[in-house]
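Participant: Below are the chains, spelled out letter by letter.
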Amino acid sequence: MTPTDPLAALGLPYPFELAFMQRALVAAVAVGVFAPLIGTYLVQKRLSLVGDGIGHVAFAGVGAAVAIGTAPIWTALAFAVAGALGLEWLRARRRTSGDVALAILFYAGIALGVVLLSLGDGLGGGVLAYLFGQPLTVRDDELVAIVGIGAAIAVTVLALRRPLLAVVTDEEWARAAGLPVDLLNGLVAIMTAGVVVAAMRIVGILLVAAMMVLPVASAQLLARSFRGALGLAAAIGVAAALAGLAAARLWGLAPGGTIVLIATAIFALATIGTRARQGLAHAEGEGP
Amino acid sequence: MGSAVSDARSSPAPARLLVEAHGLTFGYGREPILRDVDLRVHQGEFVALVGPNGSGKSTLLRLLLGRLRPWSGTVELFGRPPWALRERGALGYVPQRPTLTSEVPATVEEIVATGRIPVGRWWRRLGPADREAVRHALESVDLLELARRPINELSGGQQQRVFIARALAGEPQLLVLDEPVAGVDAASQQRFRDALVHAIAHHGTGVLLVSHELSAVAHDLDRIVVLKGTVQFDGPAARLASAGVSLGVHAEDLPQWLEGLR
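Protein sequences appear in the order of chains A and B. Per numbering that gives the first Met the number 0, the very first residue in the first sequence carries number 0; after that it's consecutive. Per numbering that gives the first Met the number 0, the very first residue in the second sequence carries number 0; after that it's consecutive.
Keep in mind that a hint or two might mislead.
[What the hints assert, rightly or not] A partial selection of chain A residues facing chain B, derived with a Cβ cut-off under 8 Å:
no.	residue
1	TRP172
2	LEU178
3	GLN219
4	SER224
[As the list claims (entries may be wrong)] Now the stretches of chain B that chain A is said to cover, found in silico as 3 or more residues with beta-carbon under 8 Å:
no.	segment
5	86–95
6	106–112
7	119–133
Treat the hints as calculated values from the structure; they're not laboratory data. Beta carbons are placed, not taken as given, at the ideal position from N, Cα and C, and that holds for glycine.
Given only the sequences and the hints, what does the whole structure look like? Please build it.
Facilitator: As structure tokens, then:
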């Protein structure tokens, strides 16, 4: 920890007392907030798997960075944005069904990534950090990029909450009402690509979509409004990130996978709790 | 109904023409499914569009909303082509949809508030005037008590009233409704009717209603338009009741409520 490290002043307790853990903490909490925010709109649009497809294209961007020897985050962002807009274009024009378009993106992305990697150093340890996530080795410049992309997404999502809600719940009405539906859908696609790239160093390309979907799946069981669902999904995302990082440090587990497993456990608890509450209400309704 | 409606209409100012379609012809393939269709809706007027399945009702609505361009003929909303419409808030649209399949819970109030977006710039924040319009719209469809409830917990009839409230929230001059009461119980149809009559009487809204189920509004309609590729009839409902079959409209095509008027 350097004396100029701003996080050092916080004097956080174990397991977050070390500088690398604090950087991981900031990055993971940022992902915990912004991935579920955009995920709420994707789930409403029934595009839960779209983050996976874009993640595979981002992998091609990582391969391109290795091949030409540059920082992966920006090439991954360029590939992911292009892939996301391409997918949205296919979806909006119904040139091909949603799952076929996603499949094309999945396989073309991975295949291109593997080929590009073979031009460089191949599947080295650096690449694994993008596939499976490794928040403990996040550098300062990466941290700035993650927090910057995340803040831009959070501000956009919150400022355009109503128009985005109108478009994802009823596209036909939104068009008749004169909303710029294509622009807003394109914006969601670009923000999704941003989330994938910002989160890939934390939870990994293979698990990035989980942070967009699992907290939202829990929130939609518990929340009673769209606004509440947005807030709750972000809160669950942050809780999973915090608990996952702490557990990873305590027991020496892979942080990305641990964060996602905790998000899964929260979903299981939310499901059981909701069922129990419904059962109770049902029993009371049938009572004497 | 409507002495209030009649009063609104007897005002000296000439009623503004909200919808004016003239000589519309359109088809998806080679054969036209609409031929030479004329349609007019004035301010404060309540017009029903009826016809059998495949008669071109939905296609006509898409032409009126600017989603399709006619092969020939002209269509204007508020004096402009629909695709060049600037005053989007002036058009309230209720799409055909029996139930909303909402994945993420959104409250009745949140859905109705989206109806304020076309009023002004779409990215602006909603203010006190918007909240008042939302409250008034909820009140006029008798949903104020359910404002905080997630919409996916509501019945089909209640959801349909939410979509009508969303259209009313924009304080539209013209309401276009596509089969809004399909599969909705009689009590809900009555509330739906009251909401439309309120909008016409108090706000001078013009209403174009596409529906098979007109029994709830039969006595409130100013005009009925029977469509079957071409316009078979355009006039007061009572006249259609006496002349329906002689117009070449098959008896089964006429909505059930006509039986009651005969």
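Participant: Against chain B, is TRP172(A) within 8 Å by beta-carbon distance?
Facilitator: 5 Å, holds
Participant: Are 3 or more residues of the segment 106–112 of chain B near chain A, judged by a Cβ distance of less than 8 Å?
Facilitator: holds (count 4)
Participant: Are there three or more residues in the segment 119–133 of chain B whose C-beta lies closer than 8 Å to some C-beta of chain A?
Facilitator: holds (count 3)
Participant: With 8 Å as the cut and Cβ atoms as the points, is LEU178(A) at the interface with chain B?
Facilitator: OK, holds: LEU178(A) within 8 Å of chain B, min 6 Å.
Participant: Can SER224(A) be said to touch chain B, with a Cβ gap under 8 Å?
Facilitator: For SER224(A), the interface hint holds, since the closest Cβ of chain B sits about 4 Å away, which is under 8 Å.
Participant: For the segment 86–95 of chain B, does the count of residues with a C-beta closer than 8 Å to a C-beta of chain A reach 3?
Facilitator: Our answer is that it holds, as 4 residues pass the Cβ test (under 8 Å) against chain A, meeting three.
Participant: Can you verify the interface hint for GLN219(A): is its Cβ closer than 8 Å to any Cβ in chain B?
Facilitator: 5 Å, holds
Checked against the numbered hints given earlier, this structure breaks none of them.
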